[in-house]
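Participant: Chains as they are written, first to last, in the numbering used here: chain X, 27 to 334; chain R, 6 to 339.
Hint data in this document are derived by calculation from the structure and do not stem from the laboratory. All C-beta atoms in this analysis are idealised placements derived from N, C-alpha and C, irrespective of residue type, glycine included. Careful, some of the hints might be misleading.
[Said to hold, decoys possible] Residues from chain R shown here face chain X by an in silico Cβ test under 8 Å; the list is partial:
#  : residue
1  : M55
2  : A66
3  : G68
4  : A72
5  : Y74
6  : R75
7  : A95
8  : S96
9  : Y99
10 : P100
11 : E152
12 : S156
13 : G159
14 : P177
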Amino acid sequence: MKNQKETEDIALGIRRRVFEHSMQNNGGYLSQACSAAEQMAWLYNEALNLGDPTLPMIPGKFGGVPSATNKNYVTGAGYNGPFTADFDRLFIAPAHYALVAYATLIEVGRMAPEGLEMFNKDGSSVEMIGAEHSPGMEVHNGTLGIGLSTGAGLAYGRRRRGESGEVCVFMSDGEVQEGQTWEAVQACAHHGIDNVWALMDVNNQQCDGAMSSVMEVRNIADKFRNFGAVAVEVDAHDIEALRQARQEPHQGQPLIILATSSPTQGMSFLQKRFPRLHYVRFKSEDERAEMNLSIAAELGIDPIEFTH
Amino acid sequence: MIEMVTRPYASAFEKFAIANPDVLCLSADLTSSCEVDGFRDRHPEQFLSMGMAEQNMMSFAGGLGLAGYRPFIHTFGVFTYRRPYDQLMASVAYPRRKVRLMGFLPGITTPGGMTHQAIEDISIMRSMPNMTILETGDASEVESICEAADSIDGPVYCRVLRGVVPRLFDTPIKVGEMRELGNGSDVLIVTAGITTEEALRARGALEAAGVSVRHIHLHTIKPFNGKALLDQIGSVKHGVVTLENHVTEGGIGSLVAETMADNGVGKKLLRLGLKDTYAHGGSRAYLMRYYGLDALALVRGVEQLLDQELDISEQDLDAVRVDAVHSVAKAEAL
């Protein structure tokens, strides 16, 4: 499934899809697409070894939560391929990046464009905050900070079984405010778990605004190193830098790639909204129209038609 | 004389785990306190030290479950759900991982006071979808808890007794059933865990005072066999007394109350246990007396239910069993 398109083209496609969706739906997680488009494109198109999807291109409806009586329950992990020993696994730890993740699945040919039309619709599995049963998701990560721990446990188990496939956790920098993140890193280092790695979108943004104003976290690269990880800092929009970072040796330690990103990359108009970018709503129809013209031009597409 | 068994969990877990290679032993810095220190030393390849980091331990265990392993988490019961409640929900209970939570020191079985006493654990776990709850009340149940827990297709929380444990039963836990320990016709007494031993102490005096006692012991709290309970309630004239090592909200007293209300049972119910209170640190016998969880409290409860003085004093009850404070069976003061 790899390399049918250039990773740069996939990243552009992700921004276009998320922008189009947000324009048509009166708002959305635009800044996450800006900061993470290259990262998500690189993961799916190059970095991860994933098999062909095992679930229908058009996602099924919500099939109920796990229970002793729900025998047909499936997670959305099938969009990332089967669980065989040689394939990698991916957890999207910040589940509010779901819109970006769904757009990525479409761009890399793992989900049909119709899947995005089901986004946040009642009865749909394509939920606004990615759930276990949402396309591309394998575990619940909507509560921030649990992703790396789960990935570490899975990686330990896979190593114990002699599986060659690794575990990748896509993280957000806000998660470093949660103590569990540091518990996870120290556990990986203590047990020498090196078949887990994380790509962290360091956009310095969180729900309330700029991280420095919400809770200063200081030098997170130093902190990761002190807790026992190998940490590499790169420009999140430089795909060659991401490739190089992945080559960093990390025997006996987890690798954390800190990808410093711009939450307005590719949609410069959003700079007017800084630092409140977590979820972009339009303040007026005039602003919506102005944003539509400006960002569409920057993304090289016609303005989006919307009806409501 | 009751047979006393020393550290039944230690040998039972070791025997079970070495026969089941996908069972992993996890501990959060309470390895000897949970009687798995010998296992750690003899089987280090099957043991994971997770440190004092319960939040990570829960999600990590969920990840191990994804890889097909069945982690047995060893810590004090209170540490399996208070701090890592969110992780327990999201990483273990929701996805139905086969994680076995071995919760030691249930209720007031520890002198560690509020921070160490799991007094609302059953209430928490009962309200958690997909969770199974088992509780041990004697050495035979402790010896069979690993097999019982590992038979569950999903997560399970177990209240486990440690140290010197009396042998009250000669059969293992059969998940989903309950033990009938008396088949009288006046009053039904429902107990679980350490309160069963208290009920057994009170039984002789109650019978001598002319009260015909029906007594059931619960080891499977969720899922619960409501029909079997209704049959038992239907066999007594006056009503039900529950006695639990837990707050009276959300535990087995509530379980009995809900079953009665749901089925329109119009008999009296008296729920004994911790009455909307925390406990403090002290010996088990002292705490059971102070908070009204012992045999004498049960006798007074039966009197209240029957609205009748039975003229039973403490001397009429079977002797209380006092653990040696510095028993070699205990890892440390807690």
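Participant: If a hint holds in the structure, say so; if it does not, say that too.
Facilitator: We went through each hint and held it up to the structure:
1. Checking M55 of chain R against chain X by beta carbon gives a least distance of about 6 Å; that is within 8 Å, so the hint holds.
2. Hint status for A66 of chain R: holds, given a least beta-carbon distance of 6 Å to chain X, under 8 Å.
3. A cut of 8 Å between beta carbons decides the hint on G68 of chain R: the least distance to chain X is about 2 Å, and the hint holds.
4. Residue-level restraint check for A72 of chain R holds (minimum Cβ-Cβ distance to chain X is 2 Å; threshold 8 Å).
5. At about 5 Å, the closest approach between the beta carbon of Y74 of chain R and any beta carbon in chain X falls short of 8 Å, and the interface hint on this residue holds.
6. With a least beta-carbon distance of about 11 Å to chain X, the hint placing R75 of chain R at the interface is violated under the 8 Å criterion.
7. Given hint, A95 of chain R at the interface with chain X, holds; its Cβ is 5 Å from that chain's nearest Cβ, closer than 8 Å.
8. Taking 8 Å as the C-beta cut-off, the interface hint given for S96 of chain R holds, the closest approach to chain X being about 6 Å.
9. For the restraint placing Y99 of chain R at the interface with chain X, the shortest Cβ-Cβ distance is roughly 6 Å, inside the 8 Å limit, so the hint holds.
10. Hint on P100 of chain R holds. Least Cβ distance to chain X is approximately 6 Å, under the 8 Å limit.
11. At a threshold of 8 Å, the smallest CB-CB gap from E152 of chain R to chain X is about 20 Å, leaving the interface hint violated.
12. Using the Cβ-Cβ criterion of 8 Å, the hint placing S156 of chain R at the interface with chain X is not satisfied: the shortest such distance is roughly 13 Å.
13. The restraint placing G159 of chain R at the interface with chain X holds, with a minimum CB-CB distance near 7 Å, inside the 8 Å limit.
14. For P177 of chain R, the interface hint is violated, since its Cβ never comes within 8 Å of a Cβ in chain X; the closest pair sits about 23 Å apart.
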